[in-house]
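S.K.: One-letter residues, chain by chain:
Number of protein chains: 2
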Amino acid sequence: LASIRWIPLSSLCTPAFVVDVDKVKRNAQRMIERCQKLGVQLRPHMKTHKTLECADIMTGGSRRCIVVSTLAEACFYADRGYDDILYAYSLPFDKVEQCAALSEKLELFQILLDHPDALEQLRKRPLRDGRQWHTEGVELRGVYAHCGNTYYCTGVEQIQAVAQETTKLILQFVEKLKAVGITCKSSIGSTPSCSHPVKDMAQLSEVHPGNYVFYDAQQSMIGSCCLEDVAVRVLTRVIGHCPHRNQLLIDCGWAGISLDGAGKLPTGYAVIEGHPNLKLLSMTQEHGRVEPISGELDYSKYPLGSLLTLIPYHSCATAVMHPVYHVHSEGRLVGKWTPTRGW
Amino acid sequence: LASIRWIPLSSLCTPAFVVDVDKVKRNAQRMIERCQKLGVQLRPHMKTHKTLECADIMTGGSRRCIVVSTLAEACFYADRGYDDILYAYSLPFDKVEQCAALSEKLELFQILLDHPDALEQLRKRPLRDGRQWHTEGVELRGVYAHCGNTYYCTGVEQIQAVAQETTKLILQFVEKLKAVGITCKSSIGSTPSCSHPVKDMAQLSEVHPGNYVFYDAQQSMIGSCCLEDVAVRVLTRVIGHCPHRNQLLIDCGWAGISLDGAGKLPTGYAVIEGHPNLKLLSMTQEHGRVEPISGELDYSKYPLGSLLTLIPYHSCATAVMHPVYHVHSEGRLVGKWTPTRGW
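Chains as they are written, first to last, in my numbering: chain A, -13 to 329; chain B, -13 to 329.
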């Protein structure tokens, strides 16, 4: 008889960033199916999680067709068998040599240019092995926009209005290019617009959302998802009772959840799961101050050492604070994911 | 003839966290001398930098008598020959076993208790090898306070008033303990109060500041230091011109400088060295938006690829975003420091 080790989430030392792998898979699969149904190529963004395991889930195992926000991510994925990587960042002049090396190594490495000086930088560094940056040194592959203004939306109607407007503008621009003899691709992104796409987005070549694999409290407020779709949490423990301030202290400060979302949520810097009357009011590096939105705290409900679960306001900002993610399925720990960091 | 490699800061890819090792040594030495002159034991805090090299400088090479904010720091230093470590954190119940292991391993490992339940936790885990938590299982070593309210001060006079008040309260409390037969130590900290100590602090057993080794824009506003004393910077490059918004884009977003300091500085999230009319207005994960405080930007002064230097609002918050610190002496790169992370 083999003994089965069933390790619960509550065994983790806190603060701990935990990922529900079933929700990650569901969020990823839904986006894949949404894009298939719409008839547009999905190019998922890696910046939210920066891990190999999550990238494999988002690409359905193909290890092709991704977007990254840093050169560190580009190298991380290129070193692990990924290809067709789009570095969605206006070409940084200090990284031309490394971009050239990736272009020589991969089947396809795409970079963004938004200034003639950047073109000059590429011309100064021709590619080796018969490769080229394309046509007179550079090939324009496509037009890329983010539609970050979807983050000011509330509800599907507003999101779709922005998605429609962005799609229209991009397609008009591509038409203008075509009129002067340049045929190229088009891509827009943002998790809100790709969670509720409009039909015309089928005319785009690609979409490039990223946050959707985790989602967060912000996305649920925008209307991209339900709070139940959010795949990540920060586990924290009560470490102090402060009856003179009607507060609890928890072991998660800004080093564990980030300062993102100040003033955005009625419950402060996070949603405290299962405790809608609690607010994460303020933080130091390693301490959080929690108080009731109304009334007096009943400290017997929150003994020292007891666990609380925080739903991050912005999962990209929270994930970046953690050197390791603890992965679980239905509350059972199943592994660890280690993100890449730096630039 | 040996060739001398002189590697300038400008060779770094950005964003990069850079540390002026001469300023670090000067800030550390000044604090050592200030405490010697006052006649109080310095127990430097490691939470700002979390590196071995900086700890060696702060302890004058003794590798004894430090404070840490996380168990990860405690283990990091204990594994590298450090001893007499104070874990300045109300005993987290999930970490009792690891605290016991450190108490068994080190000559002296000190923890903080602020609740009878915590005492119960220690009793449940007696130490091995003839060691003990002391008297009935636990020895009260001292009373520890932070005087974090010095962070609301402006100027030496206000700082010293808080330092005086905190010292008085702590010493009165120690006297009360003495009256009931308990003799113990006393320690206060905070970089502002220890940068401008009052005479009565000589009656304390210890002081435990930490940020002073780097300082930052916040400390210069409080009056703890001059802006010239700040030992750390984030190097960033101009990656975009946005004349329609009268803005520059830089390659440092909140992943490179943190969101700390929102609304606190007239120049936004950082001081942009040598450019008092520029403001770091807002950020995404990897982009910063810079605009003039008044007037129109002269883009010819900020060509794409040119370097800007950010002085962080809060160096603890900025350092934690960086997996490596680039160390220089007079602009010449001399090494890298790698901080510990996590909990």
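Simulated from the structure, these hints should not be mistaken for laboratory data. Cβ atoms here follow ideal geometry from the backbone N, Cα and C, with glycine treated the same way. Errors might be hidden in some of the hints.
Distance windows between CB atoms, simulated [claimed, not checked]:
no.	chain 1	residue 1	chain 2	residue 2	range
1	A	Ile(-7)	B	Arg(-9)	48 to 54 Å
2	B	Asp65	A	Ile(-7)	21 to 27 Å
3	B	Gly249	A	Arg114	46 to 52 Å
4	A	Gly67	B	Ser315	37 to 43 Å
5	A	Gln158	B	Ser315	33 to 39 Å
6	A	Thr295	B	Leu94	31 to 37 Å
7	A	Tyr138	B	Leu94	37 to 43 Å
8	B	Gly116	A	Ser292	41 to 47 Å
Which stretches of chain B does chain A cover? Using the computed rule of at least three CB atoms under 8 Å from a CB of chain A, they are [as the list claims (entries may be wrong)]:
no.	stretch
9	210 to 217
10	220 to 226
11	289 to 295
S.K.: Next step is simple, just say for each hint if it's right about the structure.
M.R.: To see whether the hints hold, each was checked on the structure:
no.	hint	verdict
1	A:Ile(-7) to B:Arg(-9): 48 to 54 Å	holds (50 Å)
2	B:Asp65 to A:Ile(-7): 21 to 27 Å	holds (25 Å)
3	B:Gly249 to A:Arg114: 46 to 52 Å	holds (50 Å)
4	A:Gly67 to B:Ser315: 37 to 43 Å	holds (41 Å)
5	A:Gln158 to B:Ser315: 33 to 39 Å	violated (55 Å)
6	A:Thr295 to B:Leu94: 31 to 37 Å	holds (36 Å)
7	A:Tyr138 to B:Leu94: 37 to 43 Å	violated (54 Å)
8	B:Gly116 to A:Ser292: 41 to 47 Å	violated (34 Å)
9	210 to 217	violated (count 0)
10	220 to 226	holds (count 3)
11	289 to 295	holds (count 3)
Going down the numbered hints, you'll see the structure goes against 5, 7, 8 and 9, while the others check out.
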